[in-house]
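Colleague: Quick note on the numbering used here: the sequence shown kicks off at 14 and runs consecutively.
Among the hints, erroneous ones may be present.
Stated by the list, open to error - Computed cross-link-like contacts, SDA-like style, restricted to lysine to any residue with a CA-CA straight-line distance of at most 20 Å: (1) Lys18 <-> Lys41; (2) Lys178 <-> His87; (3) Lys41 <-> His87; (4) Lys41 <-> Met73.
Bear in mind the hints are in silico, worked out from the structure with no lab data behind them. As the structure is a computational prediction, the values presented were derived from the model and not from experiment.
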Amino acid sequence: MDTRKLDLNLLVTLDTLLAERNVTRAAKRLHLSQPALSARLTRLREILGDPLLIPARRGMVLTQSALELQVPLHEALEGVRHVLADGTPFEPSSAEATLAIAASDYVQYSILMPLACALRVEAPKVRIAWRTLDAAALTTQLERGEVDLALMTPESAPEALRMKKLYREQYVAIARVDHPRVRGRLDLDLFGRLDHILVSPQGGGFVGPTDTALESLGRRRRVVLSTPGFLMVPEIVERSDMIALVPQRIVRDRSGRLQILAPPIAVPGFEIAMVWHDRTTTHPIRRWLRERIAALASAGLDELPAPVAAGRSATAVRGRAGGKKSPRPGGLGQGSSKRKS
């Protein structure tokens, strides 16, 4: 192997091919024609003395040598980019990049939607791709550069990754404003008599931690609808007599259309954290993205509607909260956003 024949363009080409494992996609990323990229792949194979990518039933797979090259090559190229960028002041308004963020539907709504709107003003040349969070594949996705950042619960984050906690979320009970039986308060007896929506991330579940807590008190509730995500739940509640427990941030702009109430029983909350690979820690635009998300997450705390505690008026609870941060209903404990409500 004569490495003197390798140049930076060939190394960047190799890095992209190993990440995409597809000549057409790699050519698109590099803004090359497919024949031009195929010619570079041929040169790389000759220089390195290895096929690098070989056809398989579904696309192409990396040879063992290519697998061993992939991570150190990518990290070396990132190091070159960092060195070149260190002396250049980072300006979001002129930065050009495509960044991928993995998150659940709840986080996409509560954090990534405000981020997308803010970036159109602050960094108009930056493109953001939202990806569904896949915790099992996340480490590989971050290593390959397929995902730049993930937002998830700390306990579900792979240990080898960097992490920064953003905020703690709490659950609130919601009912439509003109609900015939819910009038600004929700006690345990009424809670058990109403029809409930339950969020079951795996789909199809009708029992969650709330039901376990109720059972310990000798009580039950009636779950009539199970959904795999939170985003449609407020809309369903607005149109029906069903109630639900949801993360507080997804109803922050619905206080005029929903009653937002403290659950009459302690419901486990959860934390949300940012997770990223160490190789992007000092990268200017990715570091700025993390700082921007942290700022948005912190700013959102003051915008949350205060839940009405059981047996108290809305005025009393909001007055005690000082009109800003919401009081935490009834001893919310530790938990995961992947748990059912």
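Colleague: Hint by hint, say whether it matches the structure.
Modeller: Hint by hint, here is what the structure shows:
no., hint, in the structure
1, Lys18 <-> Lys41, "25 Å, violated"
2, Lys178 <-> His87, "27 Å, violated"
3, Lys41 <-> His87, "19 Å, holds"
4, Lys41 <-> Met73, "17 Å, holds"
In this structure, the earlier hints numbered 1 and 2 are contradicted, and the remaining ones agree with it.
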